[in-house]
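Novice: Working from the sequences, and respecting the hints, build out all of it.
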Amino acid sequence: MARQWGMVIDLDRCTGCEACVVACHAENNISTVGEKEAARGRAKHWIRVERYYEGDFPNVTAKFMPVLCQQCGEAPCEPVCPTFASYHTSEGLNGQVYNRCIGTRYCANACPYNVRFFNWFNPVWDEPLNLQLNPDVSVRGVGVMEKCTFCVQRIKAAEIQAEAEKRPLKDGEFAPACVQTCAPKAMVFGDLNDPQSEVSRLARSNRATKLLEETGTLPHVTYLKRDSWNGTQNAAENS
Amino acid sequence: MLQKTPEQINEDLLRPLGTTSITYRLVLILLFIVVAAGGYAFGSQIYNGIGLAGIQRPVFWAFYITNFVFWIGLSHAGTLISAILRLCNATWRRPVTRCAEVITVFALSIGASFPVIHLGRPWLAFWLFPYPSERGIWPNIRSPLLWDFFAINTYLIGSVTFLLLPMIPDFALVRDRAVSNIRKKIYSVLALGWSGTPKQWHRLETAMHIMAIAVIPVAVSVHSIVSWDFAMAPVPMWHSTIFAPYFVAGAIFSGIAALIIAMAMLRKFLHLEEYLLPIHFENLGKLLLVMSLLWVYFVASERLTTWYGNEPADMAVFWMTQRGGFSPLFWTMVFCNFIVPFPLLAIKKLRTITGCVIASIGVVIGMWLERFLIIVPSLSHKYLAFSWTASAYRPTWTEITITVATFAAMALLYMLFAKFIPIISVWELKAGQHPAATEELARLADGQSRLADRLRTQREAGAD
Amino acid sequence: MATADSIYGLFPTPADAQRAMDSLRDAGVAPARIVVMTAQPFEEYGFMHVKPMRTNMYKIAACGGIIGGALGFWLAWYMQVAYPFPLTTGGMPLVAPWPTGIVTYELTMLSAILTTVITLLVTTGLPSWRKDKIYDPEVSNGMLLIGVIDPAENAREDLEARLQRAGAEKIKGTGRFTR
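Residue numbers (the working numbering), protein chains in the order written: chain V, 19 to 257; chain A, -3 to 460; chain F, 18 to 196.
Hint data in this document are derived by calculation from the structure and do not stem from the laboratory. Incorrect hints may appear among the rest.
[Said to hold, decoys possible] Okay, the calculated beta carbon distance ranges per label pair:
| no. | chain 1 | residue 1 | chain 2 | residue 2 | range |
| --- | --- | --- | --- | --- | --- |
| 1 | A | Arg179 | F | Tyr95 | 42 to 50 angstroms |
| 2 | A | Phe331 | V | Val142 | 43 to 51 angstroms |
| 3 | V | Phe75 | A | Arg390 | 28 to 36 angstroms |
| 4 | F | Arg50 | A | Tyr20 | 42 to 50 angstroms |
[Stated by the list, open to error] Under the rule of at most 25 angstroms between Cα atoms (straight-line distance), these lysine-lysine pairs were calculated in the DSS-like manner:
| no. | chain 1 | residue 1 | chain 2 | residue 2 |
| --- | --- | --- | --- | --- |
| 5 | A | Lys181 | F | Lys68 |
| 6 | F | Lys76 | A | Lys180 |
| 7 | V | Lys81 | V | Lys203 |
| 8 | F | Lys150 | A | Lys195 |
| 9 | F | Lys76 | A | Lys195 |
[What the hints assert, rightly or not] Where chain A lies over chain V, by a calculated footprint (3+ residues, C-beta under 8 angstroms):
| no. | segment |
| --- | --- |
| 10 | 67 to 78 |
| 11 | 93 to 105 |
Here the structure is a predicted model, which is why all the values come from computation and not from measurement. Glycine residues also receive a C-beta, built at the ideal position from the N, C-alpha and C atoms.
Specialist: Encoded structure:
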């Protein structure tokens, strides 16, 4: 059966440290946009930690979760692209083909999760950061849409290696940059079609939930709810 | 109707083609400068990047798409007046048809340029065209933007032919009266050798009839498809089935307003007081009133169902427009689209040419705001609140310059057209002046003789 | 190419033109040899209907529309399947019915419009910029031109008299009958 890549993020383990955000920037040649542009809302964080404050001081709690491209099974961003730059791969990913993108930005409007980012200008890396670019990932020019690809370069590299060695891919053999970097091991990546993989097992947990499920996008990212949303205060009570 | 001889009609309607005043030339130069500024803004965007515009994440569409929808909407003037009134045999449309059709063609051309202007990589806009590319890929027709491509091109070709076909006899007229050799040559080519035999007239009128039937469904489909650019995306307050009829009604609304403004300016600057009569403005004013009420109906329906449904994402956008940051624009829009036009158009005494023009200017402003308010509040407040705009969307100099430049371009193109081609269809006007006229004309004649009496008494009063 | 021979009169009003037409028909001139030129389509008057006007333009436009629609349908279908691997998007089938329908509809209307224009140009013989056509610029001034193409030499006096009696302001001729 064809592979269907998916991810599980355990919100109980996530500390909101944002190491995944930095790792993603490093792995995927995402440039920083500068202070002025970031203030205008043009920063490109393929994975971001969303944070909502609840309650008033002194009973404030922060609820946070990492949000990245959900690689939706029925992605609303795909049919609206006039040049097929956004399409569905056979392995369940939402592919973004930079060369086909002419920058209509319709896909970004259609995405309910706001996980698509646009290159408003040509990306700039101050020296010597330009020497740190990942050769496996293309650099996107001005006018092109980009988003999380589940580190498709790593997926492809692992698949090619496994095929060359004439063996099947092992679960957990490789991981996207964010999953690899996550210190509390809150993120798990793997093949959802393999019932033995860890990601499939966790996706069947009774804490499993999906983001904006009611929009009918069939996301491949599953979130495991915290048992209690009260943070560290009541952690002692609940453990 | 004040029966004018054909010579008088020729004289009046062809005078603008001959004389050119200094004011005309100055205004033309000024408009050209503004358009050039718009071109410079567009060039800067290509050179530096689309980031020069004020758009941001998540408001990925703003001024340019507002303008796109606005100008395409404005282009529905010609279709309504020309095609529908032609099919209904409404004779009062005769002086008005070409003014309207010209608005359609130019507004459509301007509107159709915006999908190119707003692209991140506009030099690749030709990828929307279905051709067997060397990349082995065709465009994606599941995308509403491709539907836009087909619909707008069909409508543009249809409108251009709808405009050009009845111009052939008028080109023949100008050709026969042309003084300079170059003009005569050009108009001869354009007139296609028209001589005016019964067969030619019959075929032309049949063709116009078929075109009128064909272009109405096309116009309806064009703005429905433009509305589906929004309605097909799962965005709060976009994903609504009412969008197609709502947009078509809004388009006709703004189109009639633009037509009234254009006609008023033509009447004043080309001295067409005896051709573009108060009755024309009154009739168009009544249509504008109906469209204003229809607009209110659609907006009220949409907002009532949204409010009653009380879905959190939709309500966030709803309150933003009604009470939040966008409320000044929202209430200005209601003021311009309904509060001002309604009394001016409903009360007969106020439904003068001036009243209609004031109402129309309000409608043009209000409809532009309506397009803006459909796009930007919804995009700023999608489902995940963390991504609601960090800083509110503000247009930058490129967006403002290009917007102003499009209005200047419209005026410029219109002025150039009126200079070289009679803006009132001469043969249609003459054909409407027959002794064997319908009772509609008799009614118009009655109104016309009252006008004549009024003008006479005014003249006599002024002479004292 | 020399201009065809003709005799024609220029009439100021459609009533005069109608009298002239009646007079010419009385003289036994065949409809095919009567030339009429006007600056407006005087539909209510008989002189515009001497040659029967029937046209198949509606049917031709409809056929053009159907053919264009079929082509549009094929194009829409082809654009969605013409790849070595299927480009699926958003859970939609490979050939999505509604977009196919929309593109088919637009191309149907476009073909109907273009067919109408082409039919018009073909049936009216336009564009024809030949210099040897029978035409008088007075027509643009509101004069109605009624005349006879290729009249017999001995009929000249009679025809000119008839046109004069009907109220012609000017009587002119082309080709052999130039005056």
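Novice: Run every hint past the structure and note whether it holds.
Specialist: Hints and how they fare:
Between A:Arg179 and F:Tyr95, the C-beta spacing of about 47 angstroms keeps the proposed range 42 to 50 angstroms intact. A hinted range of 43 to 51 angstroms holds for the C-beta pair A:Phe331 and V:Val142, which are about 45 angstroms apart. About 32 angstroms separates the C-beta atoms of V:Phe75 and A:Arg390, a value consistent with the hinted range of 28 to 36 angstroms. Under the hint 42 to 50 angstroms, the C-beta atoms of F:Arg50 and A:Tyr20, about 49 angstroms apart, fit the expected range.
For a cut-off of 25 angstroms, the pair hint linking A:Lys181 to F:Lys68 is broken: about 32 angstroms separates their Cα positions. For a cut-off of 25 angstroms, the pair hint linking F:Lys76 to A:Lys180 is broken: about 37 angstroms separates their Cα positions. In summary, the hint linking V:Lys81 to V:Lys203 is supported, as the alpha carbons are separated by about 19 angstroms, within the 25 angstroms threshold. Of the supplied pair hints, the one linking F:Lys150 and A:Lys195 holds, its CA atoms being roughly 15 angstroms apart against a limit of 25 angstroms.
Restraint check for F:Lys76 and A:Lys195: satisfied, since their Cα atoms lie roughly 18 angstroms apart, inside the 25 angstroms limit. Evaluation of the coverage hint for the segment 67 to 78 of chain V: fulfilled, as 3 residues show C-beta separations to chain A shorter than 8 angstroms, against a requirement of three. For a cut-off of 8 angstroms, the count of residues in the segment 93 to 105 of chain V with a CB near a CB of chain A stands at 7, and the three-residue condition holds.
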